[in-house]
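Colleague: Sequence:
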Amino acid sequence: MCGIVGYIGDENASDIVIDGLKRLEYRGYDSAGIALCTKDGMMVRKKKGRIKNLEDMIAGENLYGHLAIGHTRWATHGAPSDANAHPHCDRSGKIAVVHNGIVENFMQLKEWLISEHGVEFHSETDTEVIAQLIGIFYHGDFEDAVFQAVEKMQGAYGLGVICADEPGKLIAVRKDSPLIVGLGEGCNFIASDIPAILKHVRKIYLIENNETVVLTASSVKIYNAERREVHREVFNVTWDADAAEKEGYDHFMLKEIHEQPKGIRNTITRRMDEEGNIVLDGIRMTKEEIENFNKVYIVACGTAYHAGLIGKTVIEKLAGISVEVDVASEFRYRDPFVDENTLFIAISQSGETLDTLAALREAKRKGARILSVVNVVGSSVARESDDVFYTWAGPEIAVASTKAYTTQLVCMYLIGLYMGRAKGSLEDSVYRTYIEELLTVPEKIEEVLKQERQIADLAKKYYKRDNIFFIGRGMDAAVSYEGSLKLKEISYINSFAIAAGELKHGTIALIEDGTLVVSIAAQDRLFEKMLSNIQEVKARGADILALAKESNTAVERQADDVIYIPECMDEITPLISIVPLQILAYYIAKQRGCDIDKPKNLAKSVTVE
1 MCGIVGYIGD ENASDIVIDG LKRLEYRGYD SAGIALCTKD GMMVRKKKGR IKNLEDMIAG
61 ENLYGHLAIG HTRWATHGAP SDANAHPHCD RSGKIAVVHN GIVENFMQLK EWLISEHGVE
121 FHSETDTEVI AQLIGIFYHG DFEDAVFQAV EKMQGAYGLG VICADEPGKL IAVRKDSPLI
181 VGLGEGCNFI ASDIPAILKH VRKIYLIENN ETVVLTASSV KIYNAERREV HREVFNVTWD
241 ADAAEKEGYD HFMLKEIHEQ PKGIRNTITR RMDEEGNIVL DGIRMTKEEI ENFNKVYIVA
301 CGTAYHAGLI GKTVIEKLAG ISVEVDVASE FRYRDPFVDE NTLFIAISQS GETLDTLAAL
361 REAKRKGARI LSVVNVVGSS VARESDDVFY TWAGPEIAVA STKAYTTQLV CMYLIGLYMG
421 RAKGSLEDSV YRTYIEELLT VPEKIEEVLK QERQIADLAK KYYKRDNIFF IGRGMDAAVS
481 YEGSLKLKEI SYINSFAIAA GELKHGTIAL IEDGTLVVSI AAQDRLFEKM LSNIQEVKAR
541 GADILALAKE SNTAVERQAD DVIYIPECMD EITPLISIVP LQILAYYIAK QRGCDIDKPK
601 NLAKSVTVE
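Per the working numbering, the very first residue in the sequence shown carries number 1; after that it's consecutive.
Hints were generated in silico from the structure; no laboratory data involved.
Hints are not guaranteed to be accurate.
Taking lysine-lysine and the DSSO-like style, the derived pairs with C-alpha atoms no more than 30 Å apart in a straight line are [unchecked claim]:
#1 Lys255 to Lys199
#2 Lys450 to Lys488
#3 Lys488 to Lys262
#4 Lys461 to Lys538
#5 Lys287 to Lys364
#6 Lys460 to Lys423
#7 Lys152 to Lys464
#8 Lys48 to Lys221
#9 Lys488 to Lys504
#10 Lys203 to Lys255
#11 Lys538 to Lys464
#12 Lys460 to Lys488
#13 Lys39 to Lys22
#14 Lys255 to Lys295
#15 Lys221 to Lys39
#16 Lys52 to Lys590
#17 Lys423 to Lys461
#18 Lys48 to Lys488
#19 Lys317 to Lys364
#20 Lys48 to Lys590
#21 Lys488 to Lys22
#22 Lys94 to Lys39
#23 Lys488 to Lys590
#24 Lys600 to Lys538
#25 Lys450 to Lys460
#26 Lys461 to Lys255
#27 Lys295 to Lys317
#28 Lys529 to Lys317
#29 Lys152 to Lys450
#30 Lys295 to Lys48
All chains should be built: construct the whole structure from the sequences, respecting the hints.
Modeller: Here it is, written out as C-alpha cells:
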C-alpha cells in the first residue's frame, strides 16, 4: 500500500501520474516512485520521503512517455528506503510493478526464484517478488505472464504492471485491495482511489476481486480469473473535485472538523420524508427479518470501532436487541457465534479496510445478514453487503477521521430508530424526541465551533504534556477513547483513555503531580459520579480539563479548565462532545509542529491485515 496511479494516452504520462500521486498523499506514505516507458526503454525513479523529494530528484530530466505507473508506499516489508520504494522491476529491467497489499507466500516464491532461476533481489519487499515472477514467465506474451504470476500469488494485492516491450499496454490486477479504472478520451487510467484521477475523468469502472484489466489508450478489457472477458457498468462520479481542496484552512483536518454540521445535516435530512419519518435507502430489512435477529455484531477498526461502541448503546436502547462490538482484526480468529439470525454491521470510512472486509466475509459465510456503513460509494465493503447505509460526509482527506466519525454516529442513531420502529417496540413519542434532537445537532456543533479560539488557547497551555489521560462514563467513555485516539494520532503524545470508574482499579497509580486528565462529564445522569472521579485524580495532583453541558457549572469547583457544550439529551451528547476534543487534538498537534494531515506511520485506508 498505499497509493497507485497509472496512465496511458497521448499526453506526458510522468506529469499526470505525479499529479495523481499528490492527490493521494492523504493516504499516508513513506516513499514515492514512478516507472515510465520512454523511447529509450523503462525509466524508474523512486525516493524515500515525500513526493517533493521525487520531484526534486527528476527535476531537469526530460522524462517523457505516454505510459507510466506511480506509487506512494507505506512500509509493510522492509524499512522505508530508496531501494524498498516502488516501482520494482524484474532482472531484465523490462517489467515494472506497483503494488498495494501483501503477498503472503512471498518468501516461498522468493526462495523458488533464487534457487530455480538464480534471481538476485535488490530490496526487502514482497513487491519485487511479483516483478521478478512476471519476468520469469514473460516470453513475449505480457498478458499471459501476468496471469501466470497471479496464479502463484497468495494474499491481497492491487497491481499496476507495465512492460517496455509493449509500451501501448497497461495491466492492472485486483484482489482484496481497492482498484478503479478511469475512462478518458484517447486515454485511460488506473488508481487506488478516485481523487487521484478525478481531475481528468468522471467515468470509472469499479474493479472486482480476482479481475485483471488490460488497458490501451483507446480500450479497456476486464477479465475474470478464468481469463474470460466480463462487462461492467460505468460508474459516474458526481462529487466535486473542489471538495478535496483546503478552501483557506491551514489543514484538511481543520476544514473537515468545520464540515461536520453539513455532513450530519445531509446524513439525517436525506433519510427523512416530509413527515419526519426515517427512510433508509439501501436497507431493505422487513419487520419480520428484524424481529428474527437475536444478536447484532458491530465490527470495525479504530475510529469506526469507537462509533460502534456508541452504536451498541443506541441500538440496544432503541431496538431492544443484544449488541456485541468487536475489533475486526480479532473477530474472525475467535470463531464467533454467528448464524442466519445474526445481523452483522460493518463500519468503515473507506469501505476498503481489509480487517473489516475479512470479518464481513467470515460472517457472511456463516449466514449472517450484512449491513455496512461506509462513506465511499462502490467500495468493497459496500459491494459485498446485503444492505448499505452510506454516510454523507463527503471526501475525507486528512488521515485522522473527524466528519466520517460523526456521520457514522448519526447512522447508528438512524439504524436504531429504524429497527425499533419497525419492530413496534419504540414509542412514537420517544421516536419523535430523538428525531427532533438529532435535527438540532448541526446547529449545536456550530456553537461549539465558535469556541475554537478558546480551545486553541488551552492547547497552548497543555501541549508540552508527555502523558494525557481521558476519562468518562457510559457513552462518555466511548467518546474519551476517540478523543484520546485523535490526540495520539496527530500529536504523538502518549494518550490513554479509560472508563472513569475503572481508573481506581490500577491505572490511578500513574496519576501524579501535573498529569493532565481530560474528564468528559457530558451526561446529566452520570454527572455526580464523574465529579467523584475527578476528585480522585485531583487529590493525586492531576490537572483537570473538563467537558460538560452548560448547565453543569458545578464542575468548575474541581476543574482547572472547562469546555462547555450546548444543552441536549444525554443520549446524543457524543455527536457534540467529540468536536471540542477534535479541535483540542488539532491545536496541540499544531503547537508541536506535527504534520497534521499526514501523521507518521499512518495511512488513511488500511488495506493490509
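Colleague: Does each hint fit the structure? Answer for all of them.
Modeller: Each hint, compared with the structure:
{"no.": "1", "hint": "Lys255 to Lys199", "verdict": "holds (21 Å)"}
{"no.": "2", "hint": "Lys450 to Lys488", "verdict": "holds (24 Å)"}
{"no.": "3", "hint": "Lys488 to Lys262", "verdict": "holds (26 Å)"}
{"no.": "4", "hint": "Lys461 to Lys538", "verdict": "holds (18 Å)"}
{"no.": "5", "hint": "Lys287 to Lys364", "verdict": "holds (21 Å)"}
{"no.": "6", "hint": "Lys460 to Lys423", "verdict": "violated (50 Å)"}
{"no.": "7", "hint": "Lys152 to Lys464", "verdict": "violated (52 Å)"}
{"no.": "8", "hint": "Lys48 to Lys221", "verdict": "violated (34 Å)"}
{"no.": "9", "hint": "Lys488 to Lys504", "verdict": "holds (23 Å)"}
{"no.": "10", "hint": "Lys203 to Lys255", "verdict": "holds (27 Å)"}
{"no.": "11", "hint": "Lys538 to Lys464", "verdict": "holds (20 Å)"}
{"no.": "12", "hint": "Lys460 to Lys488", "verdict": "holds (17 Å)"}
{"no.": "13", "hint": "Lys39 to Lys22", "verdict": "holds (26 Å)"}
{"no.": "14", "hint": "Lys255 to Lys295", "verdict": "violated (38 Å)"}
{"no.": "15", "hint": "Lys221 to Lys39", "verdict": "holds (26 Å)"}
{"no.": "16", "hint": "Lys52 to Lys590", "verdict": "holds (22 Å)"}
{"no.": "17", "hint": "Lys423 to Lys461", "verdict": "violated (50 Å)"}
{"no.": "18", "hint": "Lys48 to Lys488", "verdict": "holds (24 Å)"}
{"no.": "19", "hint": "Lys317 to Lys364", "verdict": "holds (26 Å)"}
{"no.": "20", "hint": "Lys48 to Lys590", "verdict": "holds (24 Å)"}
{"no.": "21", "hint": "Lys488 to Lys22", "verdict": "holds (25 Å)"}
{"no.": "22", "hint": "Lys94 to Lys39", "verdict": "holds (13 Å)"}
{"no.": "23", "hint": "Lys488 to Lys590", "verdict": "holds (13 Å)"}
{"no.": "24", "hint": "Lys600 to Lys538", "verdict": "violated (34 Å)"}
{"no.": "25", "hint": "Lys450 to Lys460", "verdict": "holds (18 Å)"}
{"no.": "26", "hint": "Lys461 to Lys255", "verdict": "holds (23 Å)"}
{"no.": "27", "hint": "Lys295 to Lys317", "verdict": "holds (14 Å)"}
{"no.": "28", "hint": "Lys529 to Lys317", "verdict": "holds (21 Å)"}
{"no.": "29", "hint": "Lys152 to Lys450", "verdict": "violated (57 Å)"}
{"no.": "30", "hint": "Lys295 to Lys48", "verdict": "violated (48 Å)"}
In the structure shown, a violation is registered for the earlier hints numbered 6, 7, 8, 14, 17, 24, 29 and 30, in ascending order.
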